[in-house]
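K.L.:
What follows is the residue order along each chain.
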Amino acid sequence: MLRVDDLTVLYDDHVAVDDLSLTADDGEVLCVLGPSGCGKSTLLRAIAGLVPTAGGTIELDGQILDGQRPDQRRVGLMFQDNALFPHRNVADNVGFGPRMQGVDRRETHDRVQDALHLVDLAGTDDRAIASLSGGEQQRVALARSIAAQPRLLMLDEPLGSLDRALRDRLLTDLPPLLRSLGTTVVYVTHDQDEALALADRIAVMRAGRIAQVGVPDELWQQPRTDFVARFLGLDPILDAEVTDGVATTALGPLPVPGLPDGSVRVVLLLHALRLTDPLQPVRPDEVAIDGEVAGRRFAGDHLRVRVRTRAGLEVSVPVWRGHGPQPGAPVTVALATDAIHPLATAADVQATGATRQ
Amino acid sequence: MSSRPTARPWTTAALLALPVAFLAVFFVNPVATIVATGLRPAGEFDLSAVWTVLQDPVVGRVAWFTLWQAVLSTALTLAIGLPGAYALSRLRFRGSAFLRAVVTVPFVLPTVVVAAAFLALLGPDSPVNGALSGLLGDGAPTVDLRRTVTAILIAHVFFNYAVVVRTVGGLWSLLDPRLEDAARVLGASRWRAFREVSLPLLRPAIASAAAIVFLFTFTSFGVVLILGGPGRATIEVEIHRATTQLLDLPLASVLALLQLIAVVAALTVYGRLQRRVGSQPLVASSVAARPVRTTGERIFVAANLAIMAVLLGAPLLVLVERSLALADGYGLAHYDALFRDTRDTILAVAPWEAVRNSIGFAIAATLVAVVVGGLAATAAVTGRGPITGLVDRALMVPLGTSAVTIGFGFLLALGRPPVDLRGSPWLVPIAQALIATPFVVRTLLPVLRAIDQRLREAAATLGATPRRVWQEVDLPIVGRALLVAAGFSFAIAVGEFGATVFVARAQFPTMPVAIFRLLGRPGVTNFGQAMAMSTILMVVTASAILLIDRLRVGQVGRF
Numbered sequence: 001m002l003r004v005d006d007l008t009v010l011y012d013d014h015v016a017v018d019d020l021s022l023t024a025d026d027g028e029v030l031c032v033l034g035p036s037g038c039g040k041s042t043l044l045r046a047i048a049g050l051v052p053t054a055g056g057t058i059e060l061d062g063q064i065l066d067g068q069r070p071d072q073r074r075v076g077l078m079f080q081d082n083a084l085f086p087h088r089n090v091a092d093n094v095g096f097g098p099r100m101q102g103v104d105r106r107e108t109h110d111r112v113q114d115a116l117h118l119v120d121l122a123g124t125d126d127r128a129i130a131s132l133s134g135g136e137q138q139r140v141a142l143a144r145s146i147a148a149q150p151r152l153l154m155l156d157e158p159l160g161s162l163d164r165a166l167r168d169r170l171l172t173d174l175p176p177l178l179r180s181l182g183t184t185v186v187y188v189t190h191d192q193d194e195a196l197a198l199a200d201r202i203a204v205m206r207a208g209r210i211a212q213v214g215v216p217d218e219l220w221q222q223p224r225t226d227f228v229a230r231f232l233g234l235d236p237i238l239d240a241e242v243t244d245g246v247a248t249t250a251l252g253p254l255p256v257p258g259l260p261d262g263s264v265r266v267v268l269l270l271h272a273l274r275l276t277d278p279l280q281p282v283r284p285d286e287v288a289i290d291g292e293v294a295g296r297r298f299a300g301d302h303l304r305v306r307v308r309t310r311a312g313l314e315v316s317v318p319v320w321r322g323h324g325p326q327p328g329a330p331v332t333v334a335l336a337t338d339a340i341h342p343l344a345t346a347a348d349v350q351a352t353g354a355t356r357q
Numbered sequence: 001m002s003s004r005p006t007a008r009p010w011t012t013a014a015l016l017a018l019p020v021a022f023l024a025v026f027f028v029n030p031v032a033t034i035v036a037t038g039l040r041p042a043g044e045f046d047l048s049a050v051w052t053v054l055q056d057p058v059v060g061r062v063a064w065f066t067l068w069q070a071v072l073s074t075a076l077t078l079a080i081g082l083p084g085a086y087a088l089s090r091l092r093f094r095g096s097a098f099l100r101a102v103v104t105v106p107f108v109l110p111t112v113v114v115a116a117a118f119l120a121l122l123g124p125d126s127p128v129n130g131a132l133s134g135l136l137g138d139g140a141p142t143v144d145l146r147r148t149v150t151a152i153l154i155a156h157v158f159f160n161y162a163v164v165v166r167t168v169g170g171l172w173s174l175l176d177p178r179l180e181d182a183a184r185v186l187g188a189s190r191w192r193a194f195r196e197v198s199l200p201l202l203r204p205a206i207a208s209a210a211a212i213v214f215l216f217t218f219t220s221f222g223v224v225l226i227l228g229g230p231g232r233a234t235i236e237v238e239i240h241r242a243t244t245q246l247l248d249l250p251l252a253s254v255l256a257l258l259q260l261i262a263v264v265a266a267l268t269v270y271g272r273l274q275r276r277v278g279s280q281p282l283v284a285s286s287v288a289a290r291p292v293r294t295t296g297e298r299i300f301v302a303a304n305l306a307i308m309a310v311l312l313g314a315p316l317l318v319l320v321e322r323s324l325a326l327a328d329g330y331g332l333a334h335y336d337a338l339f340r341d342t343r344d345t346i347l348a349v350a351p352w353e354a355v356r357n358s359i360g361f362a363i364a365a366t367l368v369a370v371v372v373g374g375l376a377a378t379a380a381v382t383g384r385g386p387i388t389g390l391v392d393r394a395l396m397v398p399l400g401t402s403a404v405t406i407g408f409g410f411l412l413a414l415g416r417p418p419v420d421l422r423g424s425p426w427l428v429p430i431a432q433a434l435i436a437t438p439f440v441v442r443t444l445l446p447v448l449r450a451i452d453q454r455l456r457e458a459a460a461t462l463g464a465t466p467r468r469v470w471q472e473v474d475l476p477i478v479g480r481a482l483l484v485a486a487g488f489s490f491a492i493a494v495g496e497f498g499a500t501v502f503v504a505r506a507q508f509p510t511m512p513v514a515i516f517r518l519l520g521r522p523g524v525t526n527f528g529q530a531m532a533m534s535t536i537l538m539v540v541t542a543s544a545i546l547l548i549d550r551l552r553v554g555q556v557g558r559f
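Chains as they are written, first to last, in the numbering used here: chain D, 1 to 357; chain Y, 1 to 559.
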């Protein structure tokens with residue numbers, strides 16, 4: 001089990017990781033999701049012992065890692081862009097870890113074979129790194145991390161540089177592979193698809209801190225802050241004035257039973273909006289919003305229609321079947337009232353220390 | 001890779017006419033004459049002269065000394081330079097960028113200036129001895145390392161420190177730091193990660209730096225001539241002695257042949273290694289240098305700074321100090337004497353004329369080198385097929401050939417028909433231009449090759465006529481490189497000694513020649529004037545180099 005408490009890392013002069021706390025249970029796959037520059041790679045480097053920490057503790061399986069050199073920690077880190085040794089062949093790259101640990105030749109060989117087999121690259125032992133494709137290099141890097149039998153496996157944007165098809169394939173292959181290892185995994189990415197495909201839990205990171213941790217469903221259903229909602233792609237985010245359970249917003253009055261009076265910011269969750277069938281009225285738990293189609297974008301498996309409301313706000317509504325209305329057409333959007341989710345205000349956030357201003 | 005424009009064959013031929021003629025008359029001809037004089041002393045092919053020379057115990061001693069001092073100099077330079085390369089390429093600290101530029105200066109300083117500086121530093125009157133006697137009183141030992149092997153070795157390290165820092169450091173700063181990180185995470189200790197990952201990847205650069213340092217120290221002339229004593233002559237110095245003192249031209253020719261063979265062998269090895277450096281898979285990253293963090297690293301950086309200060313800074317400071325030192329305190333008397341219009345008995349002319357000659361010759365040499373090198377580089381880039389590589393390589397040969405060989409060859413070949421330039425002051429700038437031309441090509445070629453054809457295409461689609469394209473794209477990019485090439489040529493020419501000392505007429509001495517002659521005479525005044533002139537030459541050269549570094553086209557001192 002990995003336990004990070006109040007970790008602070010300074011990089012040159014700025015705070016890269018800011019009083020951050022995080023845990024990952026044995027065998028858990030924890031995804032750290034955040035925009036570039038939020039400090040997520042630095043977090044991994046700090047856990048690996050590659051950058052000095054300015055405060056806090058890092059504990060793995062009950063043992064404090066602080067003060068230990070990287071080579072003493074037995075923590076695996078798969079680097080962004082691999083960092084494969086260009087002067088060694090595949091087997092020597094994968095066998096590097098066991099060799100450093102003083103494992104004898106036969107066992108090293110066995111571990112290399114097992115690791116290569118696991119990533120589906122058996123028989124490539126003697127290939128030069130430069131002769132491998134991007135995806136193969138990625139898998140060799142993973143095998144190299146695995147063969148060292150780390151107590152914690154960390155992956156830093158491992159699929160970042162791959163093309164979409166390859167990425168999708170590895171996204172299918174990785175979860176069972178990681179689970180079969182049984183190792184605790186910390187997986188860093190900026191891509192929510194990767195996080196969704198792999199994670200037991202997701203930690204959204206922002207400016208050196210954890211903005212929110214939770215199982216994927218929880219994050220998408222109950223984003224805590226403006227930042228988390230935006231980063232997950234939820235839209236629109238509206239300022240609202242609540243009086244007696246009714247919020248006045250740019251979309252008009254919306255029923256928000258249970259919300260206290262006053263200013264609040266709300267986000268519409270993914271399932272909030274649908275185009276209504278002209279022949280059927282909106283359901284009782286929905287609010288009808290009139291507008292006209294401003295544009296449309298084909299998104300592969302569905303169509304996204306941009307609707308400009310009377311008040312001039314644009315919302316994007318998915319259309320899963322059929323051709324959808326043409327630009328200029330008047331439409332009615334149904335808004336499910338249970339998908340109106342309040343976000344924490346800046347003051348709340350500061351009080352709980354979840355994010356940094 | 002975008003395609004480059006290719007010229008018609010006759011255009012290439014026209015571009016190449018001048019460089020080829022220049023090389024034929026001023027390089028091939030002298031070298032061929034040396035070979036002929038060595039192998040056919042009496043007009044007939046006769047190897048017995050070669051045999052006699054090779055059996056001469058003096059020649060054996062000279063060859064042996066040349067070899068072992070070069071090996072030792074190379075080993076010392078690597079031992080001192082590699083930590084410096086690490087400090088300057090992988091660690092970031094206050095002033096590290098400035099230091100990277102400054103360490104190059106010694107490399108391009110004229111050998112005579114460096115020899116003069118070490119004479120001052122290692123002589124009995126140096127501040128080192130002043131400090132010693134101040135500390136220990138009258139009984140203090142006097143350090144006098146003039147005319148010792150130690151002096152030669154230190155001076156060689158001084159010169160070539162930059163070669164190691166630039167060549168190895170250059171590659172080191174491109175090595176992805178995450179490779180070592182990966183090794184660390186996989187359980188390698190710091191030292192093991194260096195040995196298993198960085199060292200193998202750096203090996204070609206280290207070997208290539210070693211090859212070039214070996215080449216430079218093997219062909220060392222000015223430093224050994226001035227700092228070495230009797231019995232401590234390299235082949236170069238012996239060629240000079242055989243020519244000027246023994247008047248034994250066949251001996252000098254055979255020695256020059258020996259030198260040529262050794263140099264070609266070293267260059268071949270170097271060329272092989274260079275190709276391997278080029279084929280290195282590297283991640284160019286700007287994050288390779290990181291701030292100094294631990295106490296150990298601070299001590300490491302401090303130690304390297306101390307080495308640089310003592311090794312590179314001290315000699316030059318003492319040089320300036322000695323140029324100002326008079327019998328009673330400090331003053332500008334030595335500088336005054338240089339510019340007083342008195343005919344010096346040693347120099348045959350007023351000393352300031354040497355300054356004037358040097359600058360005049362260097363300007364002429366720069367013009368010749370830029371024109372010849374520029375034409376050749378253009379031909380190499382626009383030409384088709386094997387021409388490209390051939391020109392590139394042919395123009396590199398004078399780089400490897402020692403200056404003394406060139407000077408001696410000039411003396412043998414150009415004092416008789418068909419090219420009789422005996423006594424002509426033109427020999428000096430031509431010899432200097434020959435030595436500077438490879439550097440011009442080396443500077444221009446990569447820049448010309450790197451101009452992305454798409455830039456020209458973009459300009460054209462935006463409405464630029466071919467002339468405007470050249471004016472707006474090619475010229476601004478190549479213009480800076482031309483300036484750099486010119487500055488570098490000037491610095492080389494103004495400090496050139498090995499070839500110049502053979503061909504400079506007594507009434508047209510250059511600064512290095514004048515310094516050499518002044519140093520060769522006893523007397524405090526002569527020494528002081530030599531120091532003053534060395535200081536002037538140092539300032540001129542260093543200014544040219546630092547100015548170039550500012551322009552940041554390629555890296556001076558990287559091969």
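Watch out, some of these pointers could steer you wrong.
As the list claims (entries may be wrong) - Chain Y side only, calculated, beta carbon under 7 Å to chain D, not exhaustive: (1) Gly170; (2) Ser173; (3) Leu174; (4) Arg178; (5) Asp181; (6) Ala182; (7) Leu186; (8) Gly187; (9) Ala188; (10) Arg195; (11) Val197; (12) Leu199; (13) Leu201.
Source of the hints: derived by calculation from the structure; they are not laboratory data. Heads up, the beta-carbon is just placed ideally off N, CA and C, and yes, glycines get one too.
K.L.:
Hint by hint, note whether the structure agrees.
P.N.:
Consistency of the hints with the structure:
With a least beta-carbon distance of about 17 Å to chain D, the hint placing Gly170 (chain Y) at the interface is violated under the 7 Å criterion. Contact between Ser173 (chain Y) and chain D, as hinted, is not supported at the beta carbon level, the nearest pair being about 16 Å apart and thus beyond 7 Å. Hint status for Leu174 (chain Y) relative to chain D: violated, with the closest Cβ pair at about 12 Å, above 7 Å. The interface hint given for Arg178 (chain Y) holds, since its Cβ lies 4 Å from the closest Cβ of chain D, which is under the 7 Å cut-off.
The closest approach between the C-beta of Asp181 (chain Y) and any C-beta of chain D is roughly 5 Å, which is under the 7 Å cut-off, so the hint is satisfied. Of the supplied interface hints, the one on Ala182 (chain Y) holds, with its beta-carbon coming within about 4 Å of a beta-carbon of chain D, less than 7 Å. Interface restraint check: Leu186 (chain Y) against chain D, minimum CB-CB distance 4 Å, threshold 7 Å, status holds. A hinted interface residue such as Gly187 (chain Y) counts as satisfied when its beta carbon comes closer than 7 Å to some beta carbon of chain D; here the least separation is about 4 Å, so the hint holds.
Because the beta carbon of Ala188 (chain Y) sits about 5 Å from the nearest beta carbon in chain D, less than 7 Å, this interface hint is met. With a least beta-carbon distance of about 12 Å to chain D, the hint placing Arg195 (chain Y) at the interface is violated under the 7 Å criterion. Residue-level restraint check for Val197 (chain Y) holds (minimum Cβ-Cβ distance to chain D is 6 Å; threshold 7 Å). Given the 7 Å rule on beta carbons, the hint for Leu199 (chain Y) is violated: about 10 Å separates it from the nearest Cβ of chain D.
Annotation: Leu201 (chain Y) was flagged as interfacial toward chain D, and the flag holds, the nearest CB pair being 6 Å apart, inside 7 Å.
In terms of the numbered hints stated before, the structure departs from hints 1, 2, 3, 10 and 12, listed from lowest to highest.
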